[in-house]
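Enquirer: Going down the list, the protein sequences come from chains G and C.
Counted the way the working numbering counts, the first sequence spans residues 87 to 491.
Counted the way the working numbering counts, the second sequence spans residues 87 to 491.
In case anyone wonders, no lab produced these hints; they're calculated from the structure.
From a predicted model like this one, the values you see are computed outputs, not experimental measurements.
There's no promise every hint is true.
Note: identical chains are not told apart, hence a pair may lie in one copy or across any two.
Below, computed lysine-lysine pairings styled on DSS-like, alpha-carbon distance capped at 27 angstroms [stated by the list, open to error]:
#1 Lys88 to Lys295
#2 Lys138 to Lys421
#3 Lys149 to Lys341
#4 Lys378 to Lys138
#5 Lys484 to Lys456
#6 Lys421 to Lys292
#7 Lys179 to Lys421
#8 Lys463 to Lys451
#9 Lys456 to Lys222
#10 Lys138 to Lys427
#11 Lys421 to Lys172
#12 Lys254 to Lys378
#13 Lys484 to Lys191
#14 Lys484 to Lys448
#15 Lys138 to Lys149
#16 Lys88 to Lys291
#17 Lys138 to Lys463
#18 Lys254 to Lys292
#19 Lys295 to Lys421
#20 Lys463 to Lys172
#21 Lys149 to Lys427
#22 Lys328 to Lys341
2 protein chains.
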Amino acid sequence: MKFIEGGITAPAGFKAAGLHCGVKTNNSDKKDLALIVSDCPCAAAGTFTTNKVKAAPVYLSMKNVENGEAQAIVCNSGNANACAPKGEENAYKMCVKTAEVLGLKPEQVLVGSTGVIGHTINIEAIVKGIPEAANKLSADGGLDAAHAIMTTDLVEKIAAVEFELGGKTVKLGGIAKGSGMIHPNMGTMLCFLTTDAAVDKAVLKKILKECVAVTFNRVSVDGDTSTNDTCLILANGMAGNKTVSGEGADYDALKEAVKAVTQTLAIKIAADGEGATKLMTCTVSGAADEAKALALAMSINKSPLVKTAMFGSDANWGRVLCAMGYSGEDFDPEKVDVGFKSAAGEIEVCRNGRGLDFDEDKALKVLSEKEVVIDVKMFEGEGTATCWGCDLTYDYVKINGDYRT
Amino acid sequence: MKFIEGGITAPAGFKAAGLHCGVKTNNSDKKDLALIVSDCPCAAAGTFTTNKVKAAPVYLSMKNVENGEAQAIVCNSGNANACAPKGEENAYKMCVKTAEVLGLKPEQVLVGSTGVIGHTINIEAIVKGIPEAANKLSADGGLDAAHAIMTTDLVEKIAAVEFELGGKTVKLGGIAKGSGMIHPNMGTMLCFLTTDAAVDKAVLKKILKECVAVTFNRVSVDGDTSTNDTCLILANGMAGNKTVSGEGADYDALKEAVKAVTQTLAIKIAADGEGATKLMTCTVSGAADEAKALALAMSINKSPLVKTAMFGSDANWGRVLCAMGYSGEDFDPEKVDVGFKSAAGEIEVCRNGRGLDFDEDKALKVLSEKEVVIDVKMFEGEGTATCWGCDLTYDYVKINGDYRT
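Bound conformation, chain G alone:
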């Protein structure tokens, strides 16, 4: 397997487009409508937010993907169409218009929205934009689509891989948007994946679920689980491989590819968390089991005090132990080691739950890098988990202090 360029339009038979239709009013030239279409019907699967308050397009996509089939995805940014007047009606209008323009049935179209909650969506602009987007569809349109789903994201999030499946070369690509209101429980913000692999729809659903669990569900920017989280995958079979219909070598290869792309996108989301200056990777190893390692790692990962310390490049490891302590997991604090790692080196700061007399200058150097690892070692068993987040900064507060205007 190797990483390649091209994102969602790297796989054979996928076209995409992204343009500005008018949902984003404050930044009039920013793209706000994305369209992703396969040349032929696809196996399809999705995972969605666990938030009790779900946006209208989430309900619609959940319904349309239930039979494991779809052929297109339409998505706007700038308005989440959540808790908004006429939400269901407008989400359905997006779906119907897309189907009409592409010559598909409405149930073959999946819908996504992201942006502010509670405002009526500018459906006229979207309905007018959909035919324009269809006209712009191209095998180079992946980047435009990636831009069109961004909100406060600073960089587009794209990944694609190429791998072998039963002697055939298969490609898999994805785009995602993240930034704020990010915390697992489905979960991702928006992520759209495409592949030309031939794969049974039940298998596709299983692989997607397994990969989301260890990638997007291990990212936290701020502990807020969004109303709109959606991850969709379309597999059109154009690579010509023998259909992946159950577990085995092909299943493993496809899953490895999905995991590679979703993990890459998840890490990009963490690194580009709202206001973030650095990517924070938190690894807990030696816990009794993986679930426990994950609970401890996520508790560290979402602690505002750990996140602000990372912003300040301050080796305040006591907050790491403190966050483990309120995770709800049982453990012996006196059997915990804590260290920090980065491109600038590594430093152990706590052994057996007690502070070491470490070199503060070196710690500052290690923590001043753009990518920092918090490395927690326990001595209970073999359970290991890694999750990703970012620091908590002035800019997070700035961005979210006045998001709607």
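Following the hints, complete the assembly by docking chain C onto the known chain G.
Expert: Using the frame of chain G, we list chain C on its own:
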């Protein structure tokens, strides 16, 4: 019952002192050692952090208060003595020295610490400071003690009430410190209460627990539950009332007083949360029961996105509904109303889960006040809960980005 001046030294027979002994090195004149002493033995009770990682003084106070008796409290700020080398040994030295100087047994002394985690405490400075503090003990020393337990707190937190108990005038006072790493689960930061009421120790413990549950346990600054949270109460009986030994009118009166003082201190902690510019009160009414109302209110109260919106005086109520949605509670989002209230008026922004076309200028005016109420109405039942927090600001990030230096 009426509020009075004097804090912990308002009740008869209590003396206190606060001074700088040298634990705080960066602010050399700031007080860092507090001593609170009763003229006679007291009934005593405490509640402590539920964090799995507990500071050494927490374990010591838990042990010493177990028999329901104590006579003095010694507390330093500037170092939490948590995860620190020689933690137990040094906490015990604080206890023994205080007992020796006051002519008490070590088990009559309760110990608190607050400050940075993981650093060896300057026990020499404390041991030297304890006799000085004992010399300074006075019936006017409550304010000095309140100052001596502060860390990043901007204002001291003091409250006292006077009330009748079986025909006798009784007083109850308290001091607290809060600021960061504040989230219920015991829970308070440090709070020391004194009263001259005569009360059975089991009754005292019950009243304290009940009051902490609806006051300190309903405050969240940042979702981080500290390693050092401790709330202690000493009751010396000098008011001469008939001992409160079970439920009844006296029990209710004493509980009302404890609740008044703890709630006042809890609100002061929320309003003075690290970096806070405003007090945020969140009320959920009409839920199926109180537990559900509380879970929903706390989820709103700790959402970074709600807290940053409050900082920006932005009526972004979608985040309120979103935070309710990921609380884990089941409810119908279409049966939720949201409004904002303050001294500048009140405004409804969401009815039946859908945004209203509200007056943004008025909303800005309402939310620009120093004390803002988020008012959520449901239509399920009679469950109501109120909790307190603060906005999330640049200064929270600043204070915590480099706390140790």
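Enquirer: Between the shortest in-copy and the shortest cross-copy C-alpha distance, which are at most 27 angstroms for lysine 138 and lysine 421: within, between, both, or neither?
Expert: The answer is between: 13 angstroms across copies meets 27 angstroms, while 38 angstroms in one copy does not.
Enquirer: One pair to classify: lysine 456 and lysine 222, alpha carbons no more than 27 angstroms apart. Within, between, both, or neither?
Expert: neither (37 angstroms within a copy, 51 angstroms between copies)
Enquirer: State whether the alpha carbon distance between lysine 138 and lysine 149 is at most 27 angstroms within one copy, between copies, both, or neither.
Expert: within (16 angstroms within a copy, 43 angstroms between copies)
Enquirer: Up to 27 angstroms between alpha-carbons, please classify lysine 138 paired with lysine 427: within, between, both or neither.
Expert: Classified as between; 26 angstroms across copies, 38 angstroms inside a copy.
Enquirer: When Cα atoms must be at most 27 angstroms apart, do lysine 295 and lysine 421 count as within-copy, between-copy, both, or neither?
Expert: neither (34 angstroms within a copy, 32 angstroms between copies)
Enquirer: At most 27 angstroms between C-alpha atoms: does lysine 484 with lysine 448 qualify within a copy, between copies, both, or neither?
Expert: between (31 angstroms within a copy, 22 angstroms between copies)
Enquirer: For the identical chains here, do lysine 463 and lysine 451 meet the 27 angstroms Cα criterion within one copy, between copies, both, or neither?
Expert: within (22 angstroms within a copy, 50 angstroms between copies)
Enquirer: Check lysine 149 against lysine 341 for me: Cα-Cα at most 27 angstroms, and say if that holds within a copy, between copies, both or neither.
Expert: within (25 angstroms within a copy, 54 angstroms between copies)
Enquirer: Pop the pair lysine 328 and lysine 341 into one bin, within, between, both or neither, using alpha-carbon distances up to 27 angstroms.
Expert: This pair counts as within: shortest intra-copy Cα distance 15 angstroms, inter-copy 73 angstroms.
Enquirer: Given identical chains, is lysine 179 near lysine 421, meaning Cα to Cα at most 27 angstroms, within a copy, between copies, both, or neither?
Expert: between (58 angstroms within a copy, 25 angstroms between copies)
Enquirer: I want to check one pair: lysine 484 and lysine 456. Are their C-alpha atoms no more than 27 angstroms apart within a copy, between two copies, both, or neither?
Expert: Both ways: lysine 484 and lysine 456 sit 21 angstroms apart in one copy and 19 angstroms across, limit 27 angstroms.
Enquirer: Is it within a copy, between copies, both, or neither that the alpha carbon of lysine 88 lies no farther than 27 angstroms from that of lysine 295?
Expert: within (22 angstroms within a copy, 59 angstroms between copies)
Checked against the numbered hints given earlier, the structure breaks hints 6, 9, 12, 13, 19 and 21 and satisfies all the rest.
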